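Turn these sequences into a full structure, and let the hints steer you where they fit.
Taken in sequence, the protein lines are chains A and B. According to this note's numbering, the first sequence holds residues 2 to 335 in order. According to this note's numbering, the second sequence holds residues 2 to 335 in order.
Bear in mind the hints are in silico, worked out from the structure with no lab data behind them.
The list cannot tell twin chains apart, which means a pair is met if one copy fits it or any two copies do.
In silico DSSO-like pairs for lysine-lysine, Cα to Cα no more than 30 Å straight-line: (1) 280 / 59; (2) 152 / 280; (3) 152 / 59; (4) 61 / 280; (5) 195 / 152; (6) 152 / 61; (7) 152 / 194.
Source: prediction; values computed, not measured.
Number of protein chains: 2
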Amino acid sequence: MRLSLAEVFRLGVDTLTHNGLARDHAESIARVITAGQRDECHSHGLYRLISCVDAIRKGKVVLDAVPEVEEVSPAITRVDAGFGFSQLAFDRGLGRLIENAQSIGIAALVVNNCYHFSALWPEVERIAEAGLVGLAMTPSHSWVAPAGGGKPVFGTNPMAFAWPRPGQHPYVFDFATSAAARGEIELHRRAGKKIPLGWAVDASGAPTDDAEAALNGAMLTFGGHKGSALAAMIELMGGALIGDMTSADSQRFDEGAQVTPCHGELILAFNPHLLGGAKAAQGAQSAEAMFDSIRAQGARLPSQRRFEARERAQQDGVELPEGLYRDILALSGR
Amino acid sequence: MRLSLAEVFRLGVDTLTHNGLARDHAESIARVITAGQRDECHSHGLYRLISCVDAIRKGKVVLDAVPEVEEVSPAITRVDAGFGFSQLAFDRGLGRLIENAQSIGIAALVVNNCYHFSALWPEVERIAEAGLVGLAMTPSHSWVAPAGGGKPVFGTNPMAFAWPRPGQHPYVFDFATSAAARGEIELHRRAGKKIPLGWAVDASGAPTDDAEAALNGAMLTFGGHKGSALAAMIELMGGALIGDMTSADSQRFDEGAQVTPCHGELILAFNPHLLGGAKAAQGAQSAEAMFDSIRAQGARLPSQRRFEARERAQQDGVELPEGLYRDILALSGR
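Now the structure itself:
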């Protein structure tokens, strides 16, 4: 199946509204799902509609939540998502975030009380489109053990960063602080495959290469004690600091329903013109020189594969497996 | 040799002023050196005076630089260190950073044009003492290869974070984004010991366990491509964003003198009361619950060893090897 990006977007909106989600929410979500499909991040593409509809049907998410925007200070915008999905809340707060950062150089967007399932790169890329540097982080559900322990405390806790590059794709990364994605371990379990050692421990805290034992035990962070410290920082910055749930809080709040995590998100924007002052242009050149010296030695910048997929998709649309297309059509009421 | 903390401080001030450093600079540096010695971070304790005096004698550092504080915006304070050491510039900007974060919730302290050699934890701990969350990062000299490459681009690029805990030591980490400290590799070389694989590559880009080959090749980041992405973020945030040098720029600026790196530093402060709003107290409780769940499983919080050493030192002073004490006395003119 080949679909244009406009068709992907319409399929997303139709599927979500057919299942009872308010149109403004459906459009915000369909935009990030279209971006995921376009960039060949398949787990964040149309495939994600399946778990999204599942979350809707479980009845926890407020389907017509109206995000409430509060200007806390010249630097802080808070959006209370009202226990709806996060994307509309982000969209409603983004304009103020950008204006604040343009005006005083740094700003925060705090999103509270949202159900969260999307990647963070679409958000930091929108900040970079405004010529600003974006940094975003959020907890998830407590699946990941701290270094030196074996019991779950942290979420997979992603962190995303974008640096604007005029006339080019931004420098962007978006990674989980867990050694692997939880979905990756689930795929191994379904396929009956071993997982690499270092991804997880079993319920007794011992290293395991068994996917089932890993899912019943605890995942590990990337990078040992440093990755573990970062995961804790994300709990604190994207949870406790903004008066919202940590991954453990969110796990309890879920009450076993296995809905996408409910918590908050912290998004920061930085203005290179104000932070760099008279040397801002020189700073931008230093950044480009660094990117050049990475690429000159044959190393890749993060997100390059996504950008290459994006260029293909903008020309030719996206390719979708027949089975997935039929599954989604069945949910869409078409 | 046993010295009280007051004696460590005086020895630091005397040694630095005897070598021509202005008294206000000497006091700022002696404070962080005393903190390092107190916390048994020996490489950042009195030992550091040796390389500090070496840097002074090489004639690059401006010994009586007067930090110039500029209020860029309600959120940004810039201190031009005037090519002096960083510590006095930090001290001069800290008050504004704290006031801005207290007033509008987030603030940045940009330090430009400084020679930098200290750990970052003393800085973020001072932010935490004010009840704020601190985050600091800085480049160094280009010694570290990006993931997928084998040539130096990044510095050892430390990042430090502190979370205030009323009545207790803060949650603090301070780590290099390189797999190991450069000094650690140098110690292995002097001892004729192999380094672990994963720390570095040789000049041809091949993995090496030879310390000499590592120092002539490139160090590696911790955590593979994720650590590499973080190292790049620190170049961008602590260098390009603030209109200052990246690690490669700083390496060139050094012109082979092997003085401590000259560049900038970005320090951020966050106010939990404004970011958490009505739920700030609940956020603080969630943080404590997370710390408890880490410790309950026998894992340690970062910096615990430092805090234990600190309590000993505050009672009993610090223990210093005779040889080191004599080396420093010889530099101090006493």
